[in-house]
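J.: Spelled out, the chains give:
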Amino acid sequence: MATQALAQPLQNADELIDSVETFIFDCDGDSLIEGVPETLDMLRAKGKRLVFVTNNSTKSRKQYGKKFETLGLTVNAEEIFASSFAVAAYLKSIDFPKDKKVYVIGEDGILKELELAGYQYVGGPEDGGKKIELKPGFLMEHDEDVGAVVVGFDRYFNYYKVQYGTLCIRENPGCLFIATNRDAVTHLTDAQEWAGGGSMVGALVGSTQREPLVVGKPSTFMMDYLANEFGISKSQICMVGDRLDTDILFGQNGGCKTLLVLSGVTTLPVLQSPNNTIQPDFYTNKISDFLSLKAAAV
Amino acid sequence: MSSSSQRLSVENLKDLLDSVQAFLFDCDGVIWKGDQLIDGASQTLHMLRSKGKKLVFVTNNSWKSRSQYAEKFKSLGISVSPDEIFSSSFAAAMYLKVNNFPTQKKVYVIGGDGILDELQLAGFTAFGGPGDADKTIDWKQSGIFEHDKSVGAVVVGIDPKINYYKLQYGTLCIRENPGCLFIATNRDAVGHMTPSQEWPGAGCMVAAICGSTQKEPVVVGKPSTFMMDFLLEKFDLSCSKMCMVGDRLDTDILFGQSAGCKTLLVLS
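Listed in order, the protein sequences are those of chains Y and E.
As numbered in my numbering, residues 1 to 298 make up the first sequence, in order.
As numbered in my numbering, residues 1001 to 1268 make up the second sequence, in order.
All clues given are correct.
Mimicking DSS-like on lysine-lysine, the simulated pairs with C-alpha atoms at most 27 Å apart in a straight line are:
#, chain 1, residue 1, chain 2, residue 2
1, Y, K135, E, K1161
2, Y, K98, Y, K112
3, E, K1135, Y, K130
4, Y, K130, E, K1140
Because the hints were derived from the structure by calculation, they are not lab data.
Starting from the given sequences, assemble the full structure and let the hints guide the process.
T.: Below you can see the structure in the form of structure tokens.
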């Protein structure tokens, strides 16, 4: 088994910053808790593109931007890559026809992003109130113009939606089955875990016996999209996060540089443990180390 | 490569009837479709009984209990005893019994009254089911979603009233209660819930829970061998003298073949 080169402690922050055009920060873990407005401002001043990635699809990018403000961070909507946006970006990337419709099993964020991108949708939260009567003579009709079914985290999930999505996927020729993400659980509240998008996607996989195309993490669609959209190479992108098996692996699979921060769930002993097989390119204590020219003592 | 199947004819039918002592019938698509009896089913069962054949009805549909299925047979003019019926709702209860599930533990059900009834008949404390169909979560409150820590098993079957509350409840029990079992009545992708079209089956709800727990369930219904092993023991049957009659290759026929009995596919 080929072993990866060991992670290097970040010593010359400027060298990394100069070699990278885009920094991707993960929002779903703990790396942004030590909110660092000054660091982000510094990177922007140096002309670096910043991307904030999250698998959350309940909000649009604009709505998510407002949430950042409440955390004391200035983040523009265009800098946010939520899985709701990823869906619209994916459809654009494959020239999904504007005369086809999208059936959505998911929340408002997906609907908003589809609308912004100029796509027609059906479904969403209002189908949460639709009832069915399983009696002889009852037939569920479905729109034959649906060319894609998008499934994400959905607190208003029900049997009507499963059947509608299933009929579209099974019966509309060429209908796409797209998943925002397959996370088993999500932290809707800080106190506990909540059944995540992986559950709703699982339901549709169970009824259609088809696998979806996933646009959110850990799929590397986002990296390909960024590289293509901004005309940069993957090595000019650096993924910054606090988790080895999601953030760092995600970055590596996407072909970009990776920086682990030790301010979240991963500690130095875990990184350096013989059981750990995931080696980021660099590691450092926290994001604000970018502000110092020399490495902070680890 | 297995030999190809033969179409039933006058000649081989006689051989089949002579060599088989017990016929196992799937119900949906074989005896009835939705609430309508399939032509000739009643007369056929009557003929087999008159020849002294044992009849067992094996269904993956967990929505009803055995006695509710017996009622359904009765309403269609066929006399069947609940003891001759082996529904996946009953299989779930028997699985827990056979594995000595402690009665002081509880069972959370994502599915219908059929499962709840069979669990209660077997002496277990079961809750959830259709009662949780109207439960919602107040998202404006940031309170804790509580779950009963004494739940030792989550049973998932077909559930047209699936909702987020049930998904979350089952997920928390499996993820957080140490040793909590995850049992699936079956994993059929679709079922004929109405005569005119197919609808998502238990496979859908089970896969939803697999998605949120990243665990695989114990499956008690077809084509799992649990039901067959239980049947063979309970009815003292020998597989070589049994014939499984069904309409699905991936559940009924596979189920029969795995046990080593004869298999008959109906195209109804």
